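Participant: Listed below are the residues making up each chain.
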Amino acid sequence: MQNWWSLKWHEVRANKHSYILMAPYMILFAVFTVLPVLVSIVLSFTYFNMLEFPKFIGWQNYTRLFLEDDVFLIALKNTLLFAVITGPISYIACFVFAWIINELSPKLRAVMTLVFYAPSISGNVYFIWLMIFSGDRYGIMNGLLLKFGFILEPIQWLKTEGYIMPIIILVQLWLSLGTGFLAFIAGLQTVDGTLYEAGAVDGIKNRWQELWYITLPSMRPQLMFGAVIQITTAFAVADVSIALAGFPSVNYAAETIVTHLIDFGTTRFEMGYASSIATILFLIMVGSNLVVQKLLRKVGE
Amino acid sequence: MNLPFQMNAKQRLSRSIRMPKKRVNRSIWGTLSLFALLTVFGAFMILPLVYAVNNAFKPLDEIFIFPPTLFVRHPTMNNFIDLFNLLGNSWVPFSRYVFNTVFITGVGIVGHVLLASAAAYPLAKHHFPGKKILFSIVVLSLMFTPAVTAMPNYMIMSWLGLIDTYWAVIIPAFAYSLGLYLMKQFMEQIPDVLLEAAKMDGASEYRIFWSIVMPNVKPAWLTLIILLFQILWGSDGNGFIYSEQLKSLHFAAAQVVAGGIARSGAAAAVALILMSVPITLFIFSQSRIIETMATSGMKD
Chain A
9 MQNWWSLKWH EVRANKHSYI LMAPYMILFA VFTVLPVLVS IVLSFTYFNM LEFPKFIGWQ
69 NYTRLFLEDD VFLIALKNTL LFAVITGPIS YIACFVFAWI INELSPKLRA VMTLVFYAPS
129 ISGNVYFIWL MIFSGDRYGI MNGLLLKFGF ILEPIQWLKT EGYIMPIIIL VQLWLSLGTG
189 FLAFIAGLQT VDGTLYEAGA VDGIKNRWQE LWYITLPSMR PQLMFGAVIQ ITTAFAVADV
249 SIALAGFPSV NYAAETIVTH LIDFGTTRFE MGYASSIATI LFLIMVGSNL VVQKLLRKVG
309 E
Chain S
249 MNLPFQMNAK QRLSRSIRMP KKRVNRSIWG TLSLFALLTV FGAFMILPLV YAVNNAFKPL
309 DEIFIFPPTL FVRHPTMNNF IDLFNLLGNS WVPFSRYVFN TVFITGVGIV GHVLLASAAA
369 YPLAKHHFPG KKILFSIVVL SLMFTPAVTA MPNYMIMSWL GLIDTYWAVI IPAFAYSLGL
429 YLMKQFMEQI PDVLLEAAKM DGASEYRIFW SIVMPNVKPA WLTLIILLFQ ILWGSDGNGF
489 IYSEQLKSLH FAAAQVVAGG IARSGAAAAV ALILMSVPIT LFIFSQSRII ETMATSGMKD
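So the sequence lines, in the order shown, correspond to chains A and S. The numbering of the first sequence is this note's numbering, which starts it at 9 and goes up by one. The numbering of the second sequence is this note's numbering, which starts it at 249 and goes up by one.
Here chain S stands alone, though its shape is the one from the complex:
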């Protein structure tokens, strides 16, 4: 039913996977210096992460060795065991922090993907009064950070009675602007013919949205999921959530890190756990994300 669009997506993907053709106008020195540049800066990007990974497996005496080493010599799992003992003894059980983070991230992502897609579909495919201005407001809001709105947001949350609940973090996540923006750009390439055909067959707008548009924008879902995952996974609800039982894994981690020298090993283990989850997710979804990003541009 949705063949034409999927063929487009496939062609695009196959084009992006194919080796770039050998081009004319290339000097060998230019190539060499560019690759040297890539290597040096690549090392700068990855070495701190390599250091973090290695630190997590270092026994305590190796973390405090002089001179410090990048790579671990006698790897051990002790840091992870320490970490779990440490968190096991805390007032709020560790599993509670994990549950909080998973709950906030999960609900936030599902809500965002559904609401942002539903809003993106009319913006991409329908013509109605106010469409332009609504979309420009969303684009404008890409241009400022949450810090600008943090204070009034707090007041609004407290009027709505959302302070000190999960929802103070989750509900605003439903309406992040970047997701809507990317989704709208992606939906624009669905051929109109497909939607018109469905309309001829008597499908309602909601049905078209749910059974034609949504399946066709799966690559963009993944991108939204990753972006939002990044934000929610790293959020500590700082300023909105006070109850210890509702706080996130990231908050618990920050406390371990704040523990100082005695906890250096456990802190390194925390760093590894926190970073490995989003990185792993990205590895598995890389090509889909890049496919979505291909439509991310702003036209003049």
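This is chain A alone, in the form it adopts within the complex:
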């Protein structure tokens, strides 16, 4: 007489090779990815300054975040703005450019792929944009505008509140055609060509109908993958903000959830509070991913 547990145990024993093969990766994955998330969630309910033992304080960090911390609200607003603008635009851009590139000849296609992918692979060289938006007249942007007489004085691009966000959004878009873009290019190449012929027979009139009824549904798996990658990057803006606008930026104009998290975690050592920021970010990311995936299931219907 075997119950469920002993059945499972037998299965586990029979598959011990699978577990052994996975063990090294899974242990490290658990220690450096799963455990930190759990620790972060637990710590978010405590006061913890790295020196004393964490003290349980309930929802206090969260109420402080939303009710007392004005800078967090700026950070939240900026991050959502980033995500709402750069997320969809870069996602659509990834697809549109992959789609156009797909119709080119192989050589030209390879070149254009490189052109669009190069910024994101070139290893954090966004400090080029520091030279472009440099505040003196030798920066390219000021130089051009002065030369053509649009402005008389060089503009302090990265020290003026109103310009900071648009510039960071621009640079973030420039950087954002990464892994998702490659997945789309690859996905487009796997779409079955006979579907298009069949579609033409069935009365598809132009490339837009072809796109909606054939291409998009055929690459739904890649669309899902691309969405996950794009959403995650859109919410995690920090490096570009710090590199271009400084840390902290002028009047917190470029503060994002992640820079706020870095501020409390590494400068003020309020680990409990920082953890609650991280937990909020985590929830926002996973939540928006689930919503977007639900929307994507409707593509082509």
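In short, the hints are calculated from the structure, not lab data. Take these hints with a grain of salt, some might be off.
Taking lysine to aspartate or glutamate pairs in the EDC-like style, the calculated list, with each CA pair at most 20 Å apart, reads [claimed, not checked]:
hint, chain 1, residue 1, chain 2, residue 2
1, A, K85, A, D271
2, A, K155, S, E444
3, S, K447, A, E19
4, A, K16, S, E444
5, S, K547, A, E19
6, A, K24, S, E444
7, S, K373, A, E19
8, S, K379, A, E19
The model shown is predicted, which means the values in this text are computed figures rather than measured ones.
Please arrange chain S on chain A, whose structure you already have, making use of the hints.
Facilitator: Same frame as chain A, now just chain S:
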């Protein structure tokens, strides 16, 4: 021995290389406007990089010319010479930064490819209790950034005594989730027949993994290598590594850039050096990477 799979890969590749067939339902205006779009945005993507390349060869007076120019007029190698002099005089020798970056990148990549492949094989090909949930956790972890886990990670590193060593950067790289995910998706297309045949011949699971699965997923290795290279090459170990002798090239570069106007030429040279390595790697491995990415999708 592994013919059926390789033929698949070849067919796939040849299909992807063939010219796309002329299709019906195309209006000429649509085509023209799409290509105009491609050109404009292509220029936006590439011009900053062109500017960076040109800047690296500009003599100092040309960097500070008004109005600024995109292209270099009198190219010179002075910026590179300056850079090497500058770094040659620094307290930690330049070669040390290069060694650190190469070491971190190299060890990180090898470890990741081995561990992620070993874990991907059972996930792709075996059936065992807990498989689904393990894989969903990996997929879930694709959905958040390292920033979320940075603080607790620091505590864990310090408990493990990894702070201020190379390993604080290298070991977590072994277990990045994107690599495992791509590898698992890619392995799923290896025909089961191949593995069963090997099993009939008495090969152990480890042997099957090492001598049948691994050679067959070479294109995916390359993708993992490039992805991880990107991450590790650009990492400065910020927050985990304090000793100057252990810091990376990227950190040294950031210091040169922070040097201000006097170092503008050297900073431009640094930018060129930093970006040319990953871009060159990508150029050589492009078709293989795209082949791997073809299997990257998430099924509903």
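Participant: In ascending order, which of the hints set out earlier in this document are inconsistent with the structure?
Facilitator: 2, 4, 5
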